[in-house]
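Visitor: Now for the letters of each chain:
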Amino acid sequence: DAKTTQPPSMDCAEGRAANLPCNHSTISGNEYVYWYRQIHSQGPQYIIHGLKNNETNEMASLIITEDRKSSTLILPHATLRDTAVYYCIVRVAQGGSEKLVFGKGTKLTVNP
Amino acid sequence: DGGITQSPKYLFRKEGQNVTLSCEQNLNHDAMYWYRQDPGQGLRLIYYSQIVNDFQKGDIAEGYSVSREKKESFPLTVTSAQKNPTAFYLCASSTLTGLSGNTIYFGEGSWLTVV
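Read top to bottom, the protein sequences are chains A and B. Following the working numbering, the numbering of the first sequence begins with 1 at its first residue and continues without gaps. Following the working numbering, the numbering of the second sequence begins with 1001 at its first residue and continues without gaps.
Just chain A, same shape as in the assembly (with noise of 0.2 Å):
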């Protein structure tokens, strides 16, 4: 199972900050949080990754809280491209293999 929860969707005007939440309570010491986003027959795209602390890229920020049990993706400018399911995952060790569990994800709907 996940071990995320995300709502199930969202809506963001063009231009504006799109802010996705995501709970992750259970997460262990040293598992990372993943954002993925994935736009309709097409694979996966890496978006950003955090440990403790906050992270910006090119494409969007990751505020993770104190106590990691939720973070918070930031789309500080949204387009009409951003329209994807953005999934939240934590990284999995199992076995000493690495895996993702994906959830359902949240589907980000930017309006013109």
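Simulated from the structure, these hints should not be mistaken for lab results. Glycine included, C-beta positions come from ideal geometry on N, C-alpha and C. One or more of the hints may lead you astray.
Said to hold, decoys possible - Which residues of chain A face chain B? A partial, calculated answer using Cβ under 8 Å: (1) A17; (2) G43; (3) H49; (4) G103.
Given chain A, put chain B in place with the hints provided.
Guide: Below, chain B without anything else, positioned relative to chain A:
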């Protein structure tokens, strides 16, 4: 360009036939993965491999088989034993680490339809 290449993009299979989906990566990644995605659903892990000639079952391995004869290649065979194979299949790869921040990258996916 470096990346993950899946082929074919679209594949139709008759019931009772085995089909093989190709996945090749030139990223020099040690680990490779196969996921299945059904419409409106998240991704589910089928198989994964950390090194050549070794692989492990994921959460929904029944009816599927894989091989890892080369580091760059991780083909998935959907056998006739898979009762509901129509889905979107995604291949992924990553460097092999412990608990770390290394990124997993995905291919563009293959659509399999049983006719």
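Visitor: Now tell me if each hint is right for this structure.
Guide: Hints versus structure:
Given hint, A17(A) at the interface with chain B, is violated; its Cβ is 24 Å from that chain's nearest Cβ, farther than 8 Å. Interface restraint check: G43(A) against chain B, minimum CB-CB distance 4 Å, threshold 8 Å, status holds. Because the smallest distance between the Cβ of H49(A) and any Cβ of chain B comes to about 5 Å, under 8 Å, the interface hint for this residue holds. Checking G103(A) against chain B: minimum C-beta separation of about 5 Å stays under 8 Å; hint holds.
When held up to the earlier numbered hints, the structure conflicts with hint 1 and nothing else.
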